[in-house]
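A.B. asks: Please arrange chain B on chain A, whose structure you already have, making use of the hints.
First to last, the sequence lines map onto chains A and B. Heads up: the first sequence at position 429 corresponds to 508 in our numbering, and the numbers run straight through without jumps. Heads up: the second sequence at position 314 corresponds to 315 in our numbering, and the numbers run straight through without jumps.
Note that these hints are calculated values from the structure, not bench results. Bear in mind that the values here come from a model prediction, so they are computed numbers and not experimental data. Fair warning: there could be bad hints in the mix.
[What the hints assert, rightly or not] Here are some, though not all, of the chain B residues that point toward chain A, as calculated from beta-carbon distances under 7 Å:
id, residue
1, A45
2, P47
3, G48
4, F84
5, P86
6, G91
7, Y225
8, R267
9, M269
10, P272
11, D273
12, P275
13, R498
14, D499
Positions of the beta carbon are idealized from the N, C-alpha and C atoms, including for glycine.
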Amino acid sequence: MKIANKKVTAERLVKDALAKAKHFADYNIFTFLNEEGAIKKAREIDAKIAKGEKVGKLAGVPYALKDNFLSPEGETTASAHILQGFTSPVTATAVAKLEAEGAIMIGRTNLDAFAHGSSTENSYFGPTLNAFDRERVAGGSSGGSAVAVALDIVEFATGTDTGGSIRQPASFNGVYGLKPTYGCISRYGVVAMASSTDCIGFFTKTPDDMDLLMSIASGQDSKDMTTLPDYYNTELERSHLGHAQGRSPKLTVLDETSSSSISNNHKASGCRVGIIKDFDNDSVDAEIRQALKEKCELLKSKGHEIVELEMPSLKYALSAYYIIVPAEVASNLSRYDGIRYGFRSDDSAVLDDLYDHTRSEGFMPENKRRIMIGNFVLSSGFYDAYFLKAAKARTLIIKEYEKAFSKVDFILTPVAPNPAFKLGEKVNDPVAMYLEDVMSVSLNLAGVPGLTVPAGKTKTGLPLGLQLVGPRRSDKNLIEFAKELK
Amino acid sequence: MKYLPTIGIECHVQLCTKTKLFSEVDNDARGKEPNSCVSPIDYALPGMLPRLNGEAIRFAILAGRAMNCKINLHSRFDRKHYFYPDSPKGYQITQFYQPIIGAGYVELPSGTKIRIEHAHLEGDAGKLTHFDTYSLVDFNRVDTPLIEIVSMPDIHSAKDAHDYCKELWRLMCHAGVTYGDLYNGNMRFDVNISLAPEGSKELGTRAEVKNLNSFRSVERATSYEIKRQSKLLDQGKKVVQETRGWSDAEGKTTGQRSKEEAKDYRYMPEPDLPPINLSKEFVETESAKLPLMPSDYRSAFSDAVKPDTLEILLDYPQLMQKLGEIASPSHLGHTSLRSSVPRGFQGRSAKLMVLDGMASTISLISNLFTSVLLAEEKSAEYLNDLPSAKDLIELAEMNEKKELSSTATKEVFLKLFDPQMKGRGTKNIAKELGLIQENDLGALEKIVDVVLAKPETQKAQNDFKAGEEKVIGFLVGQVMKESHGKANPGAVQKILRDRLSK
Numbered sequence: 080m081k082i083a084n085k086k087v088t089a090e091r092l093v094k095d096a097l098a099k100a101k102h103f104a105d106y107n108i109f110t111f112l113n114e115e116g117a118i119k120k121a122r123e124i125d126a127k128i129a130k131g132e133k134v135g136k137l138a139g140v141p142y143a144l145k146d147n148f149l150s151p152e153g154e155t156t157a158s159a160h161i162l163q164g165f166t167s168p169v170t171a172t173a174v175a176k177l178e179a180e181g182a183i184m185i186g187r188t189n190l191d192a193f194a195h196g197s198s199t200e201n202s203y204f205g206p207t208l209n210a211f212d213r214e215r216v217a218g219g220s221s222g223g224s225a226v227a228v229a230l231d232i233v234e235f236a237t238g239t240d241t242g243g244s245i246r247q248p249a250s251f252n253g254v255y256g257l258k259p260t261y262g263c264i265s266r267y268g269v270v271a272m273a274s275s276t277d278c279i280g281f282f283t284k285t286p287d288d289m290d291l292l293m294s295i296a297s298g299q300d301s302k303d304m305t306t307l308p309d310y311y312n313t314e315l316e317r318s319h320l321g322h323a324q325g326r327s328p329k330l331t332v333l334d335e336t337s338s339s340s341i342s343n344n345h346k347a348s349g350c351r352v353g354i355i356k357d358f359d360n361d362s363v364d365a366e367i368r369q370a371l372k373e374k375c376e377l378l379k380s381k382g383h384e385i386v387e388l389e390m391p392s393l394k395y396a397l398s399a400y401y402i403i404v405p406a407e408v409a410s411n412l413s414r415y416d417g418i419r420y421g422f423r424s425d426d427s428a429v430l431d432d433l434y435d436h437t438r439s440e441g442f443m444p445e446n447k448r449r450i451m452i453g454n455f456v457l458s459s460g461f462y463d464a465y466f467l468k469a470a471k472a473r474t475l476i477i478k479e480y481e482k483a484f485s486k487v488d489f490i491l492t493p494v495a496p497n498p499a500f501k502l503g504e505k506v507n508d509p510v511a512m513y514l515e516d517v518m519s520v521s522l523n524l525a526g527v528p529g530l531t532v533p534a535g536k537t538k539t540g541l542p543l544g545l546q547l548v549g550p551r552r553s554d555k556n557l558i559e560f561a562k563e564l565k
Numbered sequence: 002m003k004y005l006p007t008i009g010i011e012c013h014v015q016l017c018t019k020t021k022l023f024s025e026v027d028n029d030a031r032g033k034e035p036n037s038c039v040s041p042i043d044y045a046l047p048g049m050l051p052r053l054n055g056e057a058i059r060f061a062i063l064a065g066r067a068m069n070c071k072i073n074l075h076s077r078f079d080r081k082h083y084f085y086p087d088s089p090k091g092y093q094i095t096q097f098y099q100p101i102i103g104a105g106y107v108e109l110p111s112g113t114k115i116r117i118e119h120a121h122l123e124g125d126a127g128k129l130t131h132f133d134t135y136s137l138v139d140f141n142r143v144d145t146p147l148i149e150i151v152s153m154p155d156i157h158s159a160k161d162a163h164d165y166c167k168e169l170w171r172l173m174c175h176a177g178v179t180y181g182d183l184y185n186g187n188m189r190f191d192v193n194i195s196l197a198p199e200g201s202k203e204l205g206t207r208a209e210v211k212n213l214n215s216f217r218s219v220e221r222a223t224s225y226e227i228k229r230q231s232k233l234l235d236q237g238k239k240v241v242q243e244t245r246g247w248s249d250a251e252g253k254t255t256g257q258r259s260k261e262e263a264k265d266y267r268y269m270p271e272p273d274l275p276p277i278n279l280s281k282e283f284v285e286t287e288s289a290k291l292p293l294m295p296s297d298y299r300s301a302f303s304d305a306v307k308p309d310t311l312e313i314l315l316d317y318p319q320l321m322q323k324l325g326e327i328a329s330p331s332h333l334g335h336t337s338l339r340s341s342v343p344r345g346f347q348g349r350s351a352k353l354m355v356l357d358g359m360a361s362t363i364s365l366i367s368n369l370f371t372s373v374l375l376a377e378e379k380s381a382e383y384l385n386d387l388p389s390a391k392d393l394i395e396l397a398e399m400n401e402k403k404e405l406s407s408t409a410t411k412e413v414f415l416k417l418f419d420p421q422m423k424g425r426g427t428k429n430i431a432k433e434l435g436l437i438q439e440n441d442l443g444a445l446e447k448i449v450d451v452v453l454a455k456p457e458t459q460k461a462q463n464d465f466k467a468g469e470e471k472v473i474g475f476l477v478g479q480v481m482k483e484s485h486g487k488a489n490p491g492a493v494q495k496i497l498r499d500r501l502s503k
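Looking at chain A on its own, in the form it has when it is part of the complex (with noise of 0.2 Å):
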């Protein structure tokens, strides 16, 4: 990651980055342009430089925002009509965090509205583009940010990952994307898209890119009581690792010195990598399998080993998440109702149309389809067979991952069933899109974090992803481990 010193300028780096979203303009990746107030809190830096004075670790690091997270710099759309014109008085902790140290945000960057879809097909400012091939979707709901980082417009972006919005468009366009373990980083500040599976986390280039904002952004935050104590910066020992079978960890400290970066000061050696059986089937691209195939020879040949295990409490995986999270979407989404903020329809003699108007013309298809799940299943006389079982479901699923990883470091999956698809060929098909989560969601249910890693490129050259699995906590440890896989 570049970051400002005396020689290479905040101002140039900020510069640099704003151009090429220009140029990259018609891949529809920004909702906004942050060029006024990036110049004006670069130059800020390099001030500081230029006087000697202490800077941040991201002095100067241009990023892209997805459009979901609150800071007064534009307005925070959520690519969504309904929440046009707001712009947002507070700003959410994990963007505090990375503008204390010196990040600059450039732009806010499109997704599906309100993080509903897995193309950013879904945003009321059109789709953006893949990076790698026009025709095709960014992936979603993260998609502008993926873009973003794909295209070297920034060095990294924030995104969002609910049941795949994260890993999916990292995958789709061959960068790293991190959903972190539930609860390390704060969702204060983050337009809610279902509070129990929501994750904040990153798309970088590189593991270590990774590492650095990872220990930027998490720890406990007193205004999301969700967030779990800082572990991130805490557990050096990381002994969870090789705890199955009561081997002895195998990421072992070799420079109890300097423990700001983990880059190189672990070593990883002898690790069990778990595969799941059931996803090694014809519904799973033949390129995706085969690249899952090399990584695992590439993981024998530097020690690891490969474990097949059944993991048969997945398949309920994409049914649980498909209740739970329209709950939680109909329910989050019940403030957006034109009474205080964003969009308000005019068209309204009485109280009833103007919730009934301002809600149907300000969400978009795909909102409202969750919205009226979501509401299906948490009505009286259903909230048992649908609500209370899928929450049943969840815990089979959370067993499921701990019993896994009493046998195995990691688990390797594919992160989507398939490479990028074309612009509008699922977008009609709302279970066709659904499937696209299907190896995604279970970890938002577990809570377990993952770790999209790039696993090199179809013949006709879109990038392919695989997806690093760890169990609660082990976050740092995916990271380091993503190495391996290089």
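C.D. replies: Just chain B now, kept in the frame of chain A:
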């Protein structure tokens, strides 16, 4: 036909925590501009998450213990969904499945016990004001902590409904968890009433009268419903299960909406708040902070204070606490006040007892409280800043020693509340006002002699000696005048009789 009314009551109590249930904004919006006590969390901006206020949990424990309730170590929050402009999130955060306060009971002054089903924590809604073509909404009240207390259907008369609500109010005020201002909606009652033929085991169809905010309206609305439903049943008609509103002016209830069209609240576990897990030790420590309750005062003061006086005083926790301090020094000096609300006194773990010799003091002070203080125009103001127990005890002592006449006692008592006089001590105030009675016999004798030497008293002296008893009053009056009112009239009369009989 004769019917047995069965009544259950839900009561909402606004807690007087420093900040709101889910944000760090001032929870006391009294006298403040609309929408001035609102945080981005209360306003439900996107991405805002609730932050649970620990004080509300502690208050819930106190409220629960005040009603002899079990405190559930494990509880959690749920979302109750409905669209209305007073609800910024589009849902209320409440405890539908696992409330923090479990079963208990409230004992009425009559001795009747009303069981509590449970009570739970939840956030209040905002307030709408309707105009001709528009409505305004004030979010100051949004997420003020409430506890909703749900009784069992143990109430069978309008009078008991009244007494139950009043006793709940007293319990919550004594526990120090609410400002208890009914006029401003600090406590609101929903009354469920059904009638069944006497002797019948099945309950009738119930109607619910919502949003009553005085004990009198609870009693009147309940009476009205009992009459209304009896009449319907007598005519062979059915009672409709519905929500009814009460009009105080018209003295009647009217149907609002029936349960058939009841809303579906789509309850769901609140995913933004982890479950509340309390340790036994924490609950015990917090429970021990419960101040003295009406039942404690009733049993301790049964001899010293007349029941009627006691029941009046029980409406004023501050006064009862003061009497408690006077009664036994172990309760001294533990009052701490946040604005008008008593909080955090010495818990009731130490049993309240009236110490030897303090009964007459308690009796005198309690009478002064009811007959003098509460009759004052400024009594509400005075209640917020009571004189010290020491000053009041001294006042009672001076009265007992006849250093103060009963009139002077009342006068000095009121002066103890005067901000100008505060802290000077009872004796000093009495002296300054020249109200201390002359009890020194030697001094009194001298004054009597001066008066008897005056020519204008000679006739009266002769009349008394001739057997005209009543002129003694004139002579006492002359001595009182000479002493500028400070002489003890009883003692003066004794000296006069003594002198004139020689």
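A.B. asks: Compare the structure with each hint and give your call.
C.D. replies: Here is how each hint holds up against the structure:
no.: 1; hint: A45; in the structure: 4 Å, holds
no.: 2; hint: P47; in the structure: 4 Å, holds
no.: 3; hint: G48; in the structure: 5 Å, holds
no.: 4; hint: F84; in the structure: 5 Å, holds
no.: 5; hint: P86; in the structure: 5 Å, holds
no.: 6; hint: G91; in the structure: 2 Å, holds
no.: 7; hint: Y225; in the structure: 31 Å, violated
no.: 8; hint: R267; in the structure: 4 Å, holds
no.: 9; hint: M269; in the structure: 5 Å, holds
no.: 10; hint: P272; in the structure: 4 Å, holds
no.: 11; hint: D273; in the structure: 5 Å, holds
no.: 12; hint: P275; in the structure: 6 Å, holds
no.: 13; hint: R498; in the structure: 81 Å, violated
no.: 14; hint: D499; in the structure: 81 Å, violated
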